[in-house]
Amino acid sequence: MANEVYVKELELTKADFVSDQMVKWCPGCGDHAILASFLKALPQLGHKKEDIVVVSGIGCSSRFPYYVKTYGFHGIHGRAAALASGIKITNPKLNVWMVTGDGDSLAIGGNHFIHVLRRNIDINIMLFNNRIYGLTKGQYSPTTPLGQVTKTSPQGTIEHPFNPGELAIGAQGTFFARVTDTNPKLMTEIIVEASKHKGTSLIEFLQNCVIFNNKTFQDITSREAKFENQIYLKAGESMIFGKESDKGIILDGTKLKVVKLGEGVTEKNLLIHNPHESDPGIHIMLAKMAPPEFPAAIGVIRSVDNLSYDEQVEAIIEHEKEVSPIHTVTDLLNSGKTWDI
Amino acid sequence: MKSVVDLENVVVRFAGDSGDGMQLTGALFSDAAAVAGNDFATFPDYPSEIRAPQGTVAGVSGFQIHFGQKNIYTSGDLADVLVAMNPAPLKKNLEWVKPGGTIIVDTDTFTEKALIKAGYETNPLTDGSLNDYNLIKAPISTLTKNAAAELGLDNKMVLKSRNMFALGVMFFIFHRDFKSADEYFENKFKANPLVVKSNKMVMRAGYNYADTIEALNRVTYNVEPASLKKGKYRNITGNLATAWGLLAASEKSGRPLFLGSYPITPATDILQELAKHKSLGAKAFQAEDEIAGVVSSIGASFAGSMAVTTTSGPGLSLKSEAIGLAVMTELPLVIVDVQRGGPSTGLPTKSEQSDLMQAMYGRNGEAPLIILAASTSSDCFFFAFEAARFAMEHMTPVILLTDSYLANGSEVFKIPDMKDLPKIKPPLAKPNDPEYQPYKRDPEKLNRLWAVPGTDGLRHRIGGLEKEDGSGNVSHDPMNHQIMSEYRAEKVNRVANYIPDQEIIGDKEGDLLIVSWGGTYGNMLEAVNALQEEGKRVSLAHFNYINPLPKNTKEIFKNFKKIIVPELNLGQFVMILRMHFPEFRFEQYNKIQGLPFMVKELVDRFNQLLEED
Ligand code: SF4
Chain A
1 MANEVYVKEL
11 ELTKADFVSD
21 QMVKWCPGCG
31 DHAILASFLK
41 ALPQLGHKKE
51 DIVVVSGIGC
61 SSRFPYYVKT
71 YGFHGIHGRA
81 AALASGIKIT
91 NPKLNVWMVT
101 GDGDSLAIGG
111 NHFIHVLRRN
121 IDINIMLFNN
131 RIYGLTKGQY
141 SPTTPLGQVT
151 KTSPQGTIEH
161 PFNPGELAIG
171 AQGTFFARVT
181 DTNPKLMTEI
191 IVEASKHKGT
201 SLIEFLQNCV
211 IFNNKTFQDI
221 TSREAKFENQ
231 IYLKAGESMI
241 FGKESDKGII
251 LDGTKLKVVK
261 LGEGVTEKNL
271 LIHNPHESDP
281 GIHIMLAKMA
291 PPEFPAAIGV
301 IRSVDNLSYD
311 EQVEAIIEHE
321 KEVSPIHTVT
331 DLLNSGKTWD
341 I
Chain B
1 MKSVVDLENV
11 VVRFAGDSGD
21 GMQLTGALFS
31 DAAAVAGNDF
41 ATFPDYPSEI
51 RAPQGTVAGV
61 SGFQIHFGQK
71 NIYTSGDLAD
81 VLVAMNPAPL
91 KKNLEWVKPG
101 GTIIVDTDTF
111 TEKALIKAGY
121 ETNPLTDGSL
131 NDYNLIKAPI
141 STLTKNAAAE
151 LGLDNKMVLK
161 SRNMFALGVM
171 FFIFHRDFKS
181 ADEYFENKFK
191 ANPLVVKSNK
201 MVMRAGYNYA
211 DTIEALNRVT
221 YNVEPASLKK
231 GKYRNITGNL
241 ATAWGLLAAS
251 EKSGRPLFLG
261 SYPITPATDI
271 LQELAKHKSL
281 GAKAFQAEDE
291 IAGVVSSIGA
301 SFAGSMAVTT
311 TSGPGLSLKS
321 EAIGLAVMTE
331 LPLVIVDVQR
341 GGPSTGLPTK
351 SEQSDLMQAM
361 YGRNGEAPLI
371 ILAASTSSDC
381 FFFAFEAARF
391 AMEHMTPVIL
401 LTDSYLANGS
411 EVFKIPDMKD
421 LPKIKPPLAK
431 PNDPEYQPYK
441 RDPEKLNRLW
451 AVPGTDGLRH
461 RIGGLEKEDG
471 SGNVSHDPMN
481 HQIMSEYRAE
491 KVNRVANYIP
501 DQEIIGDKEG
511 DLLIVSWGGT
521 YGNMLEAVNA
531 LQEEGKRVSL
541 AHFNYINPLP
551 KNTKEIFKNF
561 KKIIVPELNL
571 GQFVMILRMH
581 FPEFRFEQYN
591 KIQGLPFMVK
601 ELVDRFNQLL
611 EED
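Chains as they are written, first to last, in the numbering used here: chain A, 1 to 341; chain B, 1 to 613.
Calculated directly from the structure, the hints in this document are not laboratory data.
Careful, some of the hints might be misleading.
Mimicking SDA-like on lysine to any residue, the simulated pairs with C-alpha atoms at most 25 Å apart in a straight line are [stated by the list, open to error]: (1) A:K24 <-> B:K137; (2) A:K48 <-> B:K252; (3) A:K40 <-> B:K508; (4) A:K93 <-> B:Q588; (5) B:K430 <-> A:V18; (6) B:K252 <-> A:H319; (7) B:K508 <-> B:T455; (8) A:K337 <-> B:D177; (9) B:K440 <-> A:S19; (10) A:K49 <-> B:T455.
Which chain B residues face chain A? A few, computed with CB under 8 Å, are given here [to be verified]: (11) G304; (12) G506; (13) K508.
Note that the coordinates shown come from a computational prediction; the quantities given were computed from them, not determined experimentally.
No residue lacks a Cβ here, since even glycine has one placed at the ideal position from N, Cα and C.
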């Protein structure tokens, strides 16, 4: 119901969604590419343009709603998940997008972030992870690597960073995907996938903040590194990577391991990606893979079916309307113990 | 010789350990008062810990009912009759019994061990300390066991119905009918006819015991039916009335109710109640914290719900920033604050009026909103309705202040006819309106239109950043900020054009005007009535519309020699009055003990003020 495509042949184009507001992100910021991919994806979602809502919290990424011509709500710091929840629960027909950052959702809004995932409310979260506070000009965030020097960690951070995928799957998230801001085609594909998923979808965008944390994902995204340090996970396919497609991932005991193909190891020995496996074990391990030991996993890492909060609310309402003797406030006022004078 | 004494009104207090079923006893006694046609008001007094140690003063649970043949406005100051099931409840409640009042105790429970636990050094039943009371010493435990002996139930089980023995005694003293209590047993213990029987037998044993013993001096009391208006009535607590008032507003506006809330004493009942009514389309969302409670409501409001969040003082603090967002985005939102003793965790189960300043000013920036305050348990219904009506029709957050005393107290409620409530007309934007602009204002109310996602041709963006007048685009323009700030203030000020004039109880001029607000209404009214009966030139102006104030407020104040503002805080409403009306002198009377005013202390204070030059 929630994802039912009720407007079939919509001849929408990107132009239908470009807002008249000036985009104010720094030149070279990864946000520009994400916005472009999003605008490209919107006409493909199969929703009426008035049924799409984009909400955000506070931070560079959270300016996003102003740049998309849909219904939009720029909220307050950390609270976008609660805002999106209220919107979706009110009207499950709406296609709700939440744009947020590593500070917005993993620090000040951490509580709302884990609870929206746990409830599996059918909204789509786009987490722009640039491992820094951009809007306030360069303080460390909950995803900043241990030891990094920032304005508030002049001697290097002493905090253990969150891995957003691990956190989300640990919070019972049903959909987690990761994509780099350097891969527009995949971004659009994944945005469309996320929209289709029934329940909370989380996309982590590895986003470059050119001003305060330039090249933080260089070991994953640079031209030289991307083949050796990225693995694109596709459902039903072996976990293979490397420029020559000569490396893969196997399960060695209880741990993942990178192996070289040949010398007795064939594609058959490799793990086959199954994003639909409900047990989160392998998905968490995949989400945690990081260079130099592992390639970082890109693509849809987890996508499992579970009841969504909003569809259950509707089902209960429908049922109660059938079985309850109370159909109006008058019925309610006159229910229970009353007496006449 | 038996004699029957007529009484106008009576206060009865039931007190026991938290496991003694005092709330149920009180509720059944209230039902019987309803059947007898009395007006009444009740108040429960629970221990703040869920499982406070048995037998100690901290674990005492009480229930007070004030009933009578005249209109009843409060649950009463001091009790005429105290039923104390054990030593600890006696110790805790003695100070709330009228001098010379009746005290009924279960003598079986006054063991040495129990006395020590309750903190008694000598036995109050024998040391003479209760000589000034009409003490009825009844071996309730033994008599309860004997009453149901023939049923062969085990003793522990039977002793659980000790409270019903006490209820039977009270039914005799006040000439009450068993019918409503019998019905309750039959319903409640449907599956266990033996338990129904034993409860009925124990209750009748109490009744018969009271009929035969000499201790009562053979005096019973008759409280005639009250002269209430014809109609259908029910008993209602403030929290229940609040929940139902909100549902009524949802029905009258055609907007589905969304509640985003987090459990907090003493507001949780509203969340629990609204969670029940999915058949009315109400969606109650139990959020992960107070902030998510209000923010989800703001999202719901944006999406077209009649949005509500309910809380108490500490929760209101947490919601401050988000309420500012609702002010900025000019979306309808009802915030119910069931006030309790503060600051911080304060007195979670006690009542106070100390969140008024927080409601007025507890946000960053210039963030005005409407404030209403309910004055009785039953009128929580109407003010919750009004809060939702103003929120939607004026496109603004509204804070409704109730308090723990109203919330948990109950009173007789005349069931309103939904036809008599005004229709609520939210300013919904029309699909594809070419003139639509997010921040275009109505010239009269200055509100903007409500354009709900999903509506064709109205896509727009809003948010917490300052908006350009009209277009709603983000704007940092200095003059625009001035204009928008003034609009937001003026929009709330103009609500004064839509609220009723302030009423005055008593003459329009006189020696003393009592100015009160919110949950103290009943006590003020009883005090003013008492003074007027003494011939004093005293009137009452009790406020429900706090921000903005009714337009005739100044006119009212002019005609009195003195004005006093009694409040259950250190003087918050009086500060607002002094700000608006510096030309008047306002005396204060502030009580901050977690307890309501007593009528007697009000009368004394007012008399004292009348006598001063
Ligand atoms: S500060 Fe960083 S994240 Fe923010 S807009 Fe500039 S480049 Fe992008």
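Hint-by-hint comparison with the structure:
no.	hint	in the structure
1	A:K24 <-> B:K137	82 Å, violated
2	A:K48 <-> B:K252	30 Å, violated
3	A:K40 <-> B:K508	70 Å, violated
4	A:K93 <-> B:Q588	55 Å, violated
5	B:K430 <-> A:V18	23 Å, holds
6	B:K252 <-> A:H319	23 Å, holds
7	B:K508 <-> B:T455	52 Å, violated
8	A:K337 <-> B:D177	16 Å, holds
9	B:K440 <-> A:S19	20 Å, holds
10	A:K49 <-> B:T455	10 Å, holds
11	G304	6 Å, holds
12	G506	27 Å, violated
13	K508	32 Å, violated
The structure fails to meet hints 1, 2, 3, 4, 7, 12, 13 from the earlier list, while all remaining hints are met.
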